[in-house]
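*Asks:* The lines below spell out each chain.
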Amino acid sequence: MRLKYADNVIFRNYLKDQAKNMEQIALTIDNKKLTVEKGVTILQAARTIGIEIPTLCYFNLGDLQIENKPGGCRICVVEIEGRKNLAPACVTECATGMVVHTHNIRVLNARRTVLELILSDHPFDCLVCSKSGECELQSLAQKFGIREIHYQGEKSVYRKDTSPAIIRDIDKCIMCRRCEMMCNDFQTCGVLSAINRGFQSVVAPAFEMNLDHSTCTYCGQCVSVCPTGALTEQDHTRSVLNALADPTKTVVVQTAPAVRAALGEAFGLPAGSLVTGKMVAALRQLGFDYVFDTDFAADLTIMEEGSELLDRLTRHLKGDPHVKLPILTSCCPGWVNFFEHHFPEMIDIPSTAKSPQQMFGAVAKTYLADKIGLKRKDLVVVSIMPCLAKKYECTREEFSSDGNPDVDYALSTRELANLIKQANIGFTSLEDENFDDPMGESSGAAVIFGTTGGVIEAAVRTAYELHTGKELPKLDFEELRGLEFVRSATVDFDGLPIRIGIAHGLGNARKLLEEIKAGRSRYHAIEIMACPGGCIGGGGQPYTHGDINILKARQKAIYEEDKRKPLRKSHENPSIQRLYEEFLGTPLGEMSHHLLHTHYFDKTGEVIISE
Amino acid sequence: MSRTENLVSELVEKHGRSRNSLMPILQGIVQEERFLSEEAMIEIARELNLSTADVFGTASFYTFLDTVPRGKNIIRVCKTISCHMKGKDEVIEALEALLKIKVGETTHDRNFTLLTANCLGWCHKGPVMLINDEVYPELTPHKACEILEAYMKAQ
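Quick note, the sequences are listed as chains E and A, same order. Number 611 marks the last residue of the first sequence (my numbering); no jumps. Number 766 marks the last residue of the second sequence (my numbering); no jumps.
Be aware that one or more of the hints could be misleading.
[As the list claims (entries may be wrong)] Derived DEER-like restraints, expressed as beta-carbon distance ranges: (1) E:T604 - A:G732: 40 to 50 angstroms; (2) E:G519 - A:T718: 24 to 34 angstroms; (3) E:M346 - A:E616: 34 to 44 angstroms; (4) A:K713 - E:G153: 21 to 31 angstroms.
[Said to hold, decoys possible] Cβ-to-Cβ under 7 angstroms is the rule here; a few derived chain E residues that face chain A: (5) G190; (6) S193; (7) A194; (8) I195; (9) P205; (10) F207; (11) R238; (12) S239; (13) G495.
These are calculated hints, taken from the structure and not from any lab test. C-beta: ideal position from N, C-alpha, C; glycine also.
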């Protein structure tokens, strides 16, 4: 039988593809011979033989497949013999017989010229720039020994945009587009885009409006990946120092679970060092009157959210058609902002439980204030968060009483590190100390809130025992752990299969939400965190500069801390039990409802169109 | 539905909802409404399932996709090197004096907007200007004013 022409072509292409897939490419880089698979770029190939070609716009978060390579900055140019122009290593694929030079005089001069040109349109603010020391442009300038700029020309000037969480200083932008990639491809928020053309181009929200008028979720991932000081966090360290110095104020601090697994990095400790005790000691030395733990509030969140899950499940099983399932977690403020902006028709699906930060604030300014005999206004609550959206969350009107916020200031892990350094506290040599009572005790279930999969695992530990009345045979739910973007597992609640979904990254969350919207979701409960890896990869954490191993080490540390805890289930936390006895009554009771639950808003109409 | 919404929906019907349809739809709006209003861009983003920032980013990139209201007739004088060397500055000065506006502005009666443009591809016959879709090559300040006066009379 003769093949038709089209079939023939398809078959030939198939054979070609097969050959390609198996094809090995032999090339030479800096006089070293190597073989790589087809499709590998010169940058990747060079790395396999220990040659680190410098990059600037290029960004790659390892096996998470988060990659930015617009080939725009031209810092990574290399010479390929036989080609007229230098080629950017990050986007040029290896080809058979290529002879590549990564550091000859032509290449080095080109890189220097590129750097000088970028610097000629960059403010010389390094001395007072908040990114100083972490800036990738600054470190390249140092690496190349740039001591003067041979080019002078116009400098771009753009207004500074200040939102409750993120500051945009576009004069420092080098148009690497990493933030755009995070905002659009990974988070699917679509807030940032390159606007205008040529020298006038900037990365900005639609109509060049300010971030607080856009649909920005304040997840802070743009800040995490920005190589320069163009995107940074709103810094509250001075306000906190002033509160600490005010004799009329009692200042209380709470620390989020993911902070203890990352703070050490800012003091030169290897990634994954657990510094819980040192962090408590440092906070006490800084002058905080009470050092408490957001983990305590995370246990409280589980009591409420777990009870809500069981309540909805029970009603569902009894045949109530109005009950909303799956229930979605609500402790991630970036995620809350996301569904308020993008899925307003679904605002009754997430749990109404407030986030641990806000539960802590609400309890501190009522229960604790009473206990220590203080008026609400004399108590200042500071939170240390791995997150920038928390800065916005604590300014939300519904989380305040008579204009006094439940949480006054949210500092990022980075800001805390700066505070400790400013106070010349020798962090690494501090003796471990313990949290204060009554809001410092927590279980291992609370610690794992810091990583993707942790909140739902904590909820399962409690919901299982409350539902079945039996003790869990095994506490570690390996099936819920990992770094895969969308994970699912079925947990057996003594004969009742509970189907659980997990997503981190808002783009991945979107997939699960679309399923729910289409009525195809098969889950009972879904956990969502906005950042890659969950809070361990939050927008307020020490910069990873794209090193995925740092995230992995932090995640490992979180599970280690969980294992170490004498208590590993939220409902067994005696401080939580006491709080319900003395003050709250029962989970989902009247007092709990008033203090620990919230409601969500349709924010689609909130985007203000400029005049 | 507003007029703009109607127009967007007609254009979407005609060109489709893929990413590739964005340019013809934007051009279609400019042709009808002389510029892209925020309302139009939001509506296009909604229809094509793109972010508004993306639509605005695309629109703001192209000189011929105006994002601010323009006059009925748009004059674009080429500002690129060849036309510059052949005296485009003098042409612009003459037009500014005649219209009593500066480059980038629109006359009070909203009949004319004066703009500059990047290379129009008529380097061999510079300086050149474009009025709406009509090309006028080999200009002198005097010739440019004569051409424009004809347009003014026709209003």
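*Asks:* If you test the structure against every hint from before, which numbers come out violated?
*Replies:* Of the numbered hints, 2, 3, 11, 12 and 13 do not hold.
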